[in-house]
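K.L.:
The residues making up each chain are set out below.
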Amino acid sequence: MKLRVYAIAYLIFLYAPIVLLPLFAFNDGTVIAFPLQGFSTQWFSELATTTALHTAVKNSLIIASLTAIFSTILGVCAARAGAMAHFPGKRGILGFVMLPLVLPEIIVAVSLLIVLRQILGLDLSNWSIIAAHVLICTPFSIAILNGAFQNIDPSLEEAALDLGESRWSAFRLVILPLVTPGIISSLLISFTISLDEFIIAFFLTGSNPTMPVYIWGLLRFPASIPVVMALGTILVALSILLLTLAEIARRRGLARTGTKDTGGFL
Amino acid sequence: MTAKPLITLKGVNKYYGDYHALRDIDLTINEGEFFSLLGPSGCGKTTLLRTIAGFEEVSSGVLMISDTDMSGVPANQRPTNMVFQSYAIFPHLSVAENVGFGLRKSAMSKAEKATAVEDALQMVGLAGYGARAAHALSGGQRQRVALARALILKPKVLLLDEPLSALDRKMREQMQVELIKLQRDVGITFILVTHDQEEALVMSDRIAVMFEGEIGQLGDPEDLYRRPNSKRVADFIGLMNFLPARVADDVSEEVAAKPAKPLGLIDRLKQPFAPVSGPKALPEYKLGVEVQVPGLGRAIVPTSQVPKGLRQAECIVGIRPETLSLLFAGEKTDKQTVDATIDEVVYYGDMTYYDVRIEGIAEPIRLAMKNLIGRPVLEVGVTTKVIWDERSLVVLAPE
Ligand SMILES: Nc1ncnc2c1ncn2[C@@H]1O[C@H](COP(=O)(O)OP(=O)(O)O)[C@@H](O)[C@H]1O
Ligand SMILES: [Mg+2]
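In the order they appear, the protein sequences are chains U and H. For the first sequence, the working numbering begins at 24 and goes up steadily by one. For the second sequence, the working numbering begins at 965 and goes up steadily by one.
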């Protein structure tokens, strides 16, 4: 009983702020305060007409997509090596690969800024953000894909070889279909992480801000706070949708291979 | 059928880093043979099988299949197919897609492939299972799918890595019989890896017993069971009593000719007339090597069954439990007997195992008696006689 009260209190603590987002996004008033003024969709229509926002969103989508692709490719390589190859120092190397998972983003951001500007003398652009996002997303991809690869019996690939397939087609015909749910899951999660990442993007943004950076800019104008709320609502909905898809993909993968469920993100 | 060599290994060695997994393997496996690699876990059976399949390169030595040197030939180009220990059924494919996997590259038409798949499924007793999802099959069914998938390519050699070890006892015994029949039907060489000596004896034409990366003995099941060449082989295959003994010298000993049975009166009348003292029977000689077994006595063992050069030396004598017997009340024997006390009785229904103590032998000796009608099960502490036969002694060099 006590535990249940505790759990409910925790859920309120966790989700109340998020519930506030749509509440004020549909509120007919510029001030964020109770009581609510009435239902309105004007903040959403305002979103639709703000061109600066559109560029920021487009920027973010490009960055998030490329980040998702790169970090998933790197994740596939690392997870495959971890599950199937044997080489000296494997544990140590794989441990280091996972380190960015616990590295504070601000440190990644500052050090990348120094490396790019001071040492390499490059101009900041979307590419610098993508590089940094790949850095922080890859450990997540590896963690997800490790699960996918480790569920696979190593003799499956050998069986395909034994039946006459080349190494590449053994991978394509047997391993790839079995890890596809993991790949989808990895793509969606790194996409989500990159899409709403702020600190690194703020440090490394070039001339075009990403969406979180743009939103941060809006906050200086109290009048535009309801617009931010509307945008936030859309983002939350999108995130939930993507994470749900990722989880469905993961579970479908498990069902398909008949393996037991051993946790996951949702 | 004359044995035609199919696989030849000459001086094959395999190292994993410093670990010497296969040591100087010389082996010839013939066409159409059911061959087993038998040995305790970790002795290198799987390594040898994977070397033949092409998943491991030999470190030194030559591996030939059909007179072709296999060095540098990858697994996907060797005329071998494998049934993996885990079966390695592709979980995302149906049964038919699994079985037909190896036909992807073949020039057959779609319909021909479908027929081939159905035939293969029929062969392993899974006709009509094609549309099922592979991951929903039972252990025995997965194994059949793995067999069908490998055999559909008509390999020269089918390699099986402990294919029955994951099955329960009943299923295992059933599959043993089915595998033997299947091998006879398809006529393909089977190489079976197993750590189960009974399985190897039941199924194989020939067996190589492996220990620590080398072949301890190679022979047919009867060779291995009746004439093991070392204590470790004898110990690994079946049960055997080991007694310390001594090999003396070659002997050639005159055996007292058995007196002829006196003829009855009628028979004597039927005989043609002959002088009363007929030609004397020639004396029989027993050639062999004298072995002294403390507790049992002296035996003469055929020279061929005593390790070469082992004379006037300590040895070990092995005796299978079923070659010894107890002398039950009312039974007679003209064989050698020795006094014994029953130390332990294990009743198996059809058989009873007795551990008996014999004076002069430190360890109890195990013997197995069939529970024939009228034969009592003796109790612990009873004194009786053990009948032994010198022909059943296996003389082994000391370890
Ligand atoms: N890939 C490998 N790397 C290192 N050692 C191995 C490898 N494969 C097998 N071994 C070692 O070789 C020995 C023989 O293994 P294996 O052939 O699998 O034995 P078995 O099948 O007879 O149980 C074992 O001691 C095992 O640890
Ligand atoms: Mg093995």
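Calculated from the structure, these hints are not laboratory results. C-beta atoms are modelled at their ideal positions from N, C-alpha and C, and glycine is treated no differently. Hints may be right or wrong, so weigh each one.
[Said to hold, decoys possible] Computed Cβ-Cβ distance ranges for the label pairs, DEER-style:
id, chain 1, residue 1, chain 2, residue 2, range
1, U, Phe194, H, Ala1130, 22 to 30 Å
2, H, Asp1184, U, Phe194, 37 to 45 Å
3, H, Arg1096, U, Ala75, 54 to 62 Å
4, H, Arg1096, U, Leu124, 38 to 46 Å
5, U, Leu84, H, Tyr983, 50 to 58 Å
6, U, Ala108, H, Tyr983, 12 to 20 Å
7, H, Asp1307, U, Gly112, 52 to 60 Å
8, H, Pro969, U, Leu124, 55 to 63 Å
9, U, Ser192, H, Lys1334, 57 to 65 Å
10, H, Gly1089, U, Phe194, 50 to 58 Å
11, H, Tyr983, U, Cys100, 35 to 43 Å
12, U, Ala108, H, Ala1130, 23 to 31 Å
K.L.:
Against this structure, judge whether each hint is valid.
P.N.:
A quick look at each hint next to the structure:
Against the hinted window of 22 to 30 Å, the Cβ-Cβ separation of phenylalanine 194 of chain U and alanine 1130 of chain H comes to about 26 Å, which satisfies the hint. Between aspartate 1184 of chain H and phenylalanine 194 of chain U the Cβ separation comes to about 43 Å, which falls inside the hinted range of 37 to 45 Å. The hinted range of 54 to 62 Å is satisfied by arginine 1096 of chain H and alanine 75 of chain U, whose Cβ atoms lie roughly 58 Å apart. At roughly 41 Å, the beta-carbon separation of arginine 1096 of chain H and leucine 124 of chain U lies within the given 38 to 46 Å, and the hint holds.
For the pair leucine 84 of chain U and tyrosine 983 of chain H, the supplied restraint of 50 to 58 Å holds, since their beta-carbon distance comes to about 53 Å. Between alanine 108 of chain U and tyrosine 983 of chain H the beta carbon distance is about 19 Å. The supplied range of 12 to 20 Å therefore holds. Range check, aspartate 1307 of chain H to glycine 112 of chain U: Cβ separation about 58 Å, and the 52 to 60 Å hint holds. At about 57 Å, the CB distance of proline 969 of chain H to leucine 124 of chain U agrees with the hint of 55 to 63 Å.
Checked against the hint of 57 to 65 Å, the C-beta distance between serine 192 of chain U and lysine 1334 of chain H comes to roughly 58 Å, which is consistent with it. Checked against the given bound of 50 to 58 Å, the beta carbons of glycine 1089 of chain H and phenylalanine 194 of chain U, roughly 32 Å apart, lie outside it. Against the hinted window of 35 to 43 Å, the Cβ-Cβ separation of tyrosine 983 of chain H and cysteine 100 of chain U comes to about 29 Å, which falls outside the hint. Between alanine 108 of chain U and alanine 1130 of chain H the CB atoms are about 27 Å apart, so this pair conforms to the stated range of 23 to 31 Å.
Hint compliance for this structure: hints 10 and 11 are broken, all remaining hints hold.
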